[in-house]
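Start from the sequences, fold in the hints, and give me the full structure.
2 protein chains.
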Amino acid sequence: MDQDKPTEIYQAAARIFYEKGYHATSINEIAEAVHLTKAGLYYYIKGKQDLLYRIMDFAMTTLETEVVAVAAQESDLVERLRLIVSRHAYLMTQGGSALAILVNEIEGLTESQKNSIVDRQRSYIRFLRDTLGALGTEGKLGRLDPTSGAFGLLGMILWISRWFRADGQLSAEEVVDQVTEIALSGVLAHPQS
Amino acid sequence: MDQDKPTEIYQAAARIFYEKGYHATSINEIAEAVHLTKAGLYYYIKGKQDLLYRIMDFAMTTLETEVVAVAAQESDLVERLRLIVSRHAYLMTQGGSALAILVNEIEGLTESQKNSIVDRQRSYIRFLRDTLGALGTEGKLGRLDPTSGAFGLLGMILWISRWFRADGQLSAEEVVDQVTEIALSGVLAHPQS
DNA sequence: TAGCTTCTACCGGTCGGTCGGTCGGGGCCA
DNA sequence: TGGCCCCGACCGACCGACCGGTAGAAGCTA
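Protein sequence lines correspond, in order, to chains B and D. Sequential numbering of the first sequence, starting at 31, is according to this note's numbering. Sequential numbering of the second sequence, starting at 31, is according to this note's numbering.
No lab work stands behind these hints: they were computed from the structure. There may be inaccurate statements among the hints.
Where chains are identical, the list cannot tell them apart; a pair therefore holds if satisfied intra-copy or between any two copies.
[Unchecked claim] 30 Å max Cα-Cα, derived DSSO-like pairs, lysine-lysine: (1) Lys50 x Lys68; (2) Lys76 x Lys144; (3) Lys68 x Lys78; (4) Lys144 x Lys35; (5) Lys76 x Lys35; (6) Lys144 x Lys170; (7) Lys50 x Lys144; (8) Lys170 x Lys68; (9) Lys170 x Lys76; (10) Lys35 x Lys170.
On a predicted model such as this, the values are computed, not experimentally measured, just so you know.
Shown next as structure tokens:
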């Protein structure tokens, strides 16, 4: 019934880090959330910073396996782009606090942890930009610069976790569809223009 | 030559808050940045939280006067939307740390300060959504929900300050133009679809 | 001298993290 | 079966460092 304690700790920490921010969250709060004292919590974790890194590592792995690995198998470039946007957007609607933390708390890491995460983020962004670049050489991009396009789409996607509420008027599927449509018709060349 | 000390303090604080985050920034760091000791700094400011609030207040005022007030005078809705996106995007490229802080450090405020800022943010986003809504009744929006559209565009715009570098390959004008184009063709109905 | 500006020194409080120790259940042996 | 002990899981108490903020006096300028 219960999951194991480490998993419970990581999920609770991710949620609280997301709600209050990494620096504004004390180790004590995390301990209380998992019904431990601070010292008890330290039986499981190595430190606050390590906790943050593990959460970000998990989030990047999720992105790499759930978005990149899947989209890379699609050879049609338009469909590949649609997969990237819709799958990443879907993850953002599913309360993945870890994914949201990726964006805001990078500075909380040590230099080497930061380098490791940033490298993987750059690789992700490169995948997106290359997909747009390849679409460009197929003439399907209009007068669009792949870099601006990639960051533009990424901004739309990442922002979802800030405004989407599961109990709101729009369902997760609706939001994902809407964002995907804006993204695709935003960057793809139009039949006549 | 120098501006007055309070202005220097606000600008330095905004820059450091943006770079390191509000909670990770100590009063001492801000003091050193303006060549004062901590106590010397307190001659000018009321406290760390008040400093944050004044920065956010300034940022919201900038948004209201430089974006909303200008765009509201344009009666053509497509042009109005173009003005909102391009003017807001332009502000994001101009190193306005204050604008960027608006997004991430809301939780650092007291409850009443937070309410004040959030109300104005809601008003801004309502302006954007209403513009999209009016475009919708003119049949120029395709099958797009104004709320998703507004947040989608906002995400693209706010994200700019995270990736745009003034010394990079793309100029501020190019980025603004690109983002504006993606935004407009993303939400407006296409000639044939 | 008057008063604006800035300093040194210090406060109470909270932080991340550590240390020695406790407790209960499962394995082991007679 | 009964008694023993070991060890994983957890805790109370504490540490040094640093935080935001303050008091009061010194320096500078007019």
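Practice task
Please write out, lowest number first, the hints stated earlier that are contradicted by the structure.
Solution key: Hints 6, 8, 9, 10 not satisfied by this model.
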